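J.: Residue-level listing of the chains:
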Amino acid sequence: MEKSTLATRTGRRIESENSVLVIGGGIAGIQAALDLADKGVIVHLVEKEPSLGGRMAQLDKTFPTNDCSICILAPKMADCYGHPNINVLTYSQVIGLEGSKGSFNVRVLKKARYVDENKCTGCGECLDKCPTRNINNKWEQGLATRRAIYIPFMQAVPRAAIIDPENCRFLLEGKCGVCKKVCKREAVDYEMKDAVLEFEVGAVVVATGFDVWDPTSSVEYGYGKNANVFTAMEYERLINAAGPTHGHIKRRSDEAEPKKVAFIQCVGSRNVQTGHPYCCSVCCMHSTKEAMLASEHVEGIKCTIFYKDMRACAKGFDEYVERAKKDYGVEYINSDATVHGQTDGGNPLVSFDIVGKSQTREFDMVVLATTLIPSSKNVELAKTLGVELDPFGFFKVRDHVFDPVDSTREGVYLAGYCSGPVDIPESVAMGSAAAAKAMEDLMERKVFA
Amino acid sequence: MSEDARVGVFVCHCGTNIGGCVDVPKVVEYAKTLPHVVFATSNLYTCAEDGLSSIRDSIKENNLNRVVVAACTPRTHAPLFQSTCEEAGLNKYLFTFVNIREQCSWVHMKEKDSATEKAKELIKMGVARVELLEPQEEVQIEVIPSAVVIGGGVAGMAAAISLADQGFPVRLVEREKELGGFVRNLGYIWQERREAVGALSSMIRRVKNHRNINLYLDSEVVAAEGFIGNYEIVIDTHGEQKKDKVGVIVVATGALEYIPEGLYGYEQYDNVITLTEFEILAKNKKLPKLSSLAFIQCVGSRGQDKSYCSRICCNVTLKNAMNLADNWKNMLGLEEAGKVVESIPVEKAIPAEIAERRRGRMGRRDREAGEKDEAEVAPTRLDIAVFNRDIMSYGIEHELTYNKTKEKKVRFIRYTPQNRPKVSHEGDKLVIDYWHDTMQMQMKMMVDMIVLATPLVAQPDAKEISRMLKVPLGQEGFFLEAHVKLRPVDFATDGIYVCGTCKGPADIPEAVAQGMAAASRAAIPLARGYVQPESLVAFVDSDVCSGCGTCIEICPYNAIRKNAEGVAEITVAACKGCGNCGASCPKNAIIMNHYTDNQILAEARAALQAVNG
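Quick mapping for you: the protein sequence lines, in order, are chains A and B. In terms of my numbering, the first sequence has 3 at position 3, counting the first letter as 1, and numbering is strictly consecutive. In terms of my numbering, the second sequence has 401 at position 401, counting the first letter as 1, and numbering is strictly consecutive.
Since the hints were derived computationally from the structure, they do not count as laboratory data. A quick note: this is a predicted structure, and the numbers were derived from the prediction, not measured. Don't be surprised by glycine CBs; every beta carbon is placed ideally from N, CA and C. Treat each hint with caution, since some may be false.
[Unchecked claim] Short, incomplete list of chain A residues facing chain B, as computed with Cβ under 7 Å:
(1) Lys315
(2) Gly329
(3) Tyr332
(4) Asp336
(5) Phe352
(6) Asp353
(7) Gly356
(8) Lys357
(9) Val428
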């Protein structure tokens with residue numbers, strides 16, 4: 001690994017006492033970074049994925065306005081990347097944090113992308129020529145494939161290709177080299193090495209988001225066995241115009257358009273057995289949105305939502321659910337539901353209770369509102385940052401009530417889902433709040449320095 | 001036109017949002033035939049980095065001096081494309097946005113051919129307009145580096161403390177005699193049985209001791225004039241008025257509890273009280289002696305009167321049910337100094353402070369505190385029931401409390417809006433008639449007290465603040481933020497921010513986080529020290545103006561005044577470019593920069609030509 005000193009892309013000189021580290025390039029981290037950068041603070045924004053955007057970039061639309069998610073997010077991603085005060089480090093992770101509030105030493109591992117992101121224009125020529133196909137596209141929830149060199153997604157920022165070293169023939173066997181040959185910008189660099197960057201900051205904002213619970217292990221929903229059972233995140237990609245089916249809702253078994261879709265709530269959440277007894281706060285609303293959108297994609301589609309409590313509890317949310325019922329004919333059934341087998345045609349059979357009586361109904365497709373859980377990387381990151389996690393694995397908040405963005409270490413602040421369930425506007429507000437706390441630390445240092 | 005216009009047209013597919021309906025390649029070919037168009041292309045997403053770089057590159061390669069983007073809405077995307085033009089050295093006002101998504105593909109989804117024709121016509125209009133555009137210069141205006149926060153509840157205090165800690169002087173204006181707002185009503189906060197008043201006090205101490213905070217209690221902001229960076233405000237303290245200047249304004253005026261007049265026997269039976277009244281009694285250790293009580297959720301909310309869910313009431317109920325289940329003897333005063341008193345009568349009367357509070361409401365009839373019968377029943381356990389539609393215990397702590405509450409044998413009984421429980425009175429007891437859904441039968445429950453969980457409602461005088469600051473109220477009278485998803489604490493008006501329950505129900509941590517968020521946003525112009533307003537403002541031709549004053553009357557932003565020569569003059573920084581003055585001027589003396597008559601007529605002509613073939 002090479003060591004290198006730091007310079008921002010725009011070549012601006014960095015004053016450590018006036019800079020902040022933001023970890024996570026989703027909407028919460030982007031908001032924190034923009035608020036600070038707009039005040040003249042230098043921000044190092046570290047994102048583990050090769051693009052900014054986080055989870056919001058994967059969603060089709062947002063409740064309760066049905067605004068296109070990427071359409072409102074993309075300008076913020078571009079603002080962030082183009083901001084003269086923000087040093088965006090994608091495909092990177094924080095590996096060390098020493099020091100204390102006002103003066104931290106940060107170490108960041110910038111992984112080799114094998115493509116120079118400043119040279120690459122994202123033209124995509126190499127993508128078509130790469131002979132290594134059919135690699136599972138995780139960003140598309142496995143519903144599409146990609147090549148060994150790829151651009152994470154259409155609106156990726158930076159829009160630059162990246163080589164997957166586990167699948168690239170040249171990196172594995174020293175044979176091929178097609179992408180390098182076709183790149184007119186000479187951006188492909190097989191010799192690129194991981195690099196460790198070191199710099200100083202006055203404060204840290206953690207905004208690393210969440211993982212989605214994998215329902216494969218759970219027998220009661222048939223996921224993985226019944227092809228037509230989807231997770232909500234898969235469904236978001238299915239209804240997205242830029243997704244694997246260009247916005248057409250198709251069954252996995254026969255690519256047919258479903259006419260009857262069941263949405264099952266609280267999959268993996270509000271459940272002590274899964275270790276996630278809490279409510280993930282957003283699933284009632286995203287399922288309502290997804291059911292509404294179904295009828296914009298398939299005429300006459302009939303959607304049924306099985307729920308425990310319909311938690312439509314913020315501005316305009318309850319009204320949104322009423323609209324789903326009245327204007328979109330979405331049926332809400334207050335019951336637990338499970339998938340018990342399927343018909344010969346691959347239609348999932350959903351069992352539920354009405355007034356204590358057990359019933360079974362056939363659907364063409366089932367969408368599981370799988371719960372959102374602490375990131376699997378939290379344990380390691382918490383250790384690196386010297387902060388505590390709560391019993392579930394979220395970053396622990398020092399005082400839930402009066403210091404909602406303080407971690408257990410002074411000078412390290414939390415925003416978004418990494419410290420517990422929140423929706424997009426709350427994540428944005430927390431991003432700003434964490435930025436305010438970071439700014440206070442910088443000012444304190446200035447005053448007493 | 002000072003130079004030959006060289007127009008570039010960029011047509012966006014917006015995934016399939018436009019491309020799925022409008023024949024984009026055809027539209028591009030058409031655009032190439034329009035006068036002055038030297039370059040036209042399409043992008044899958046013009047807003048994505050490749051789309052933006054295609055704009056930048058073509059400006060340079062084709063020496064473009066005008067740019068038209070035909071895509072979505074200028075509301076979200078104009079700034080992005082304008083700054084892209086600037087990056088390529090083109091004045092951002094030499095750009096025109098044509099909306100072919102909201103105003104074309106989305107509304108003509110099923111008429112693909114006509115939508116394609118319409119897209120062509122809209123682009124033709126845009127090209128006709130862009131030719132005539134002039135570059136505009138932008139000015140920088142200095143910012144007064146201080147803030148006023150209106151409202152001293154937890155959101156306002158959090159905002160004030162954060163702004164002050166970021167180094168800016170803050171005036172915190174609270175109309176009550178004390179800080180704390182709604183939270184002062186509460187007994188305990190959260191589930192840890194922390195006393196609200198105690199927990200608040202450290203926050204209040206910080207506000208009072210902060211050298212950057214000037215506290216105005218018993219005071220109101222009664223006037224505010226100006227614009228971002230330069231507001232003149234008037235603070236009224238008991239009739240004594242003080243003028244002041246600030247750069248930004250944070251609105252944190254809070255909310256009130258809904259009064260459930262005529263619902264579930266409220267004000268008809270003494271022991272039917274609201275959740276807030278219950279909190280006050282718990283705080284003052286004045287809860288009557290009870291052996292049973294029921295909470296009824298969604299009283300007056302979720303369509304019963306107000307349309308919305310008030311977010312916090314379920315969790316306040318859970319907190320109280322939990323505290324009661326764990327600690328009822330202490331809360332009801334049955335346990336003194338470790339000694340459990342075995343037989344204390346159930347009290348049926350509501351304590352004096354609640355009666356006092358109800359009497360104090362304007363326009364309400366006075367009522368007596370009720371009779372104080374000594375009853376015979378000695379409580380040996382406390383039965384708690386919660387009538388609910390859905391329990392809104394979102395997140396971690398609330399849901400875990402819900403689970404614990406169920407373990408404590410608190411009964412949760414679901415009702416539907418078609419079948420609400422009914423409250424009556426029978427002997428010493430209140431009676432709840434309800435439909436038991438699992439049993440499929442009508443049932444009765446006798447209780448000593450009923451607590452109605454009513455929603456938070458907007459402050460009635462939010463309207464006045466809305467008018468004074470010219471910021472919008474949304475449905476149900478709560479303040480309306482700039483964007484529900486991505487700008488939760490901004491107003492659409494620059495320089496004014498909003499946080500806490502005045503924009504909708506929120507719990508304490510949420511209100512505090514919003515307060516700090518508003519402080520972060522508000523500190524941006526303060527830290528920069530200047531603002532750069534748009535230059536799309538009105539301009540008065542003083543040779544033509546007759547000084548009639550029509551425009552001064554009509555301007556919604558107070559941006560026009562009569563100058564020494566007796567003619568109208570625009571305050572550039574306050575002008576929002578709305579055009580009201582231009583349209584109303586009888587002498588045609590007001591020109592709207594960037595929307596001149598010529599530019600608008602050229603567009604109209606292009607539209608008519610298109611219609612006439």
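J.: Confirm or reject each hint.
T.: Here's how the hints hold up against the structure:
With its C-beta approaching chain B no nearer than about 4 Å, A:Lys315 sits inside the 7 Å limit, and its interface hint holds. Of the supplied interface hints, the one on A:Gly329 is violated, with its beta-carbon coming no nearer than about 19 Å to a beta-carbon of chain B, more than 7 Å. Proximity of A:Tyr332 to chain B is violated relative to the hint, the smallest CB-CB distance being about 10 Å (cut-off 7 Å). Because the beta carbon of A:Asp336 sits about 14 Å from the nearest beta carbon in chain B, more than 7 Å, this interface hint is broken.
A least Cβ separation of about 14 Å between A:Phe352 and chain B goes past the 7 Å threshold, and the interface hint is therefore violated. For A:Asp353, the shortest C-beta to C-beta distance to chain B is roughly 10 Å, which exceeds 7 Å, and the interface hint is violated. Hint status for A:Gly356: holds, given a least beta-carbon distance of 5 Å to chain B, under 7 Å. Using the Cβ-Cβ criterion of 7 Å, the hint placing A:Lys357 at the interface with chain B is not satisfied: the shortest such distance is roughly 10 Å.
Against a cut-off of 7 Å between C-beta atoms, the interface hint on A:Val428 holds, since the closest Cβ of chain B lies about 6 Å away.
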